[in-house]
Amino acid sequence: RGGDAPGGGGRWEVATPTVRQVIRNHFDCQGLLGARLGGGEDSSSCFGDSFDPRYHFDDDLAPVGGTADAAFSLSPLTLALLEDSGWYRANFERASAPLFGRGAGCGFLEGNCVG
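Mapping the sequence shown onto the working numbering, position 24 (from 1) lands on 314, and the numbers just tick up by one.
Hints may contain errors.
[Stated by the list, open to error] With beta-carbon atoms standing in for the labels, derived distance ranges: (1) Asn402 to Tyr378: 29 to 39 Å; (2) Ala305 to Trp377: 14 to 24 Å; (3) Arg379 to Asn315: 10 to 20 Å; (4) Asp318 to Asn381: 19 to 29 Å; (5) Pro307 to Arg384: 28 to 38 Å; (6) Arg314 to Asn381: 13 to 23 Å; (7) Trp377 to Gly401: 32 to 42 Å; (8) Gly376 to Asn402: 29 to 39 Å.
Just so you know, these hints were derived from the structure itself, not from any lab.
Ideal Cβ placement from N, Cα and C applies to all residues, glycine included.
Using the sequences provided together with the hints, build the complete structure.
See the structure below:
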């Protein structure tokens, strides 16, 4: 989904059902429509090639690399993306939830600064 994501226009989001619910639960913001995509400065994708590091820098599929134990577990957001692909069934009980932004509310995502 493109366009009017909270916090900035013109951004693309993954707005599949499970991703949407995981993002809403993680940030405690029920108005979110999906997980924003971004990428590094050297990204050649106009849509984004990873989850936006401004909101998901400690997630497995962010360009800066995930949590310290990412080699042994996956985040709920990563599992949601895999499950919504139709190729996997995720066991969310085994996920390691990133701490960044957890329960911070909609203002955390809509503001100009994080912190």
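| Do the beta carbons of alanine 305 and tryptophan 377 sit within 14 to 24 Å of each other? | 18 Å, holds
| Quick one: are aspartate 318 and asparagine 381 within 19 to 29 Å, going by C-beta? | This hint holds: roughly 23 Å between Cβ atoms.
| Cβ distance range 10 to 20 Å for arginine 379 and asparagine 315, holds or violated | The hint (10 to 20 Å, Cβ to Cβ) holds, given that arginine 379 and asparagine 315 are roughly 19 Å apart.
| Is the distance from the Cβ of tryptophan 377 to the Cβ of glycine 401 consistent with 32 to 42 Å? | 36 Å Cβ-Cβ, so the 32 to 42 Å window holds.
| message | Holds or violated: the 29 to 39 Å window for the beta-carbon distance between asparagine 402 and tyrosine 378? | response | 36 Å, holds
| C-beta pair arginine 314, asparagine 381: status relative to the range 13 to 23 Å that was hinted | Cβ of arginine 314 to Cβ of asparagine 381: about 20 Å, so the range 13 to 23 Å holds.
| Do the Cβ positions of glycine 376 and asparagine 402 conform to the proposed distance bound of 29 to 39 Å? | Taking Cβ atoms as reference, glycine 376 and asparagine 402 lie about 37 Å apart, which means the hint holds.
| query | Is 28 to 38 Å right for how far apart the beta carbons of proline 307 and arginine 384 are? | reply | 20 Å, violated
Hint compliance for this structure: hint 5 is the single one not met.
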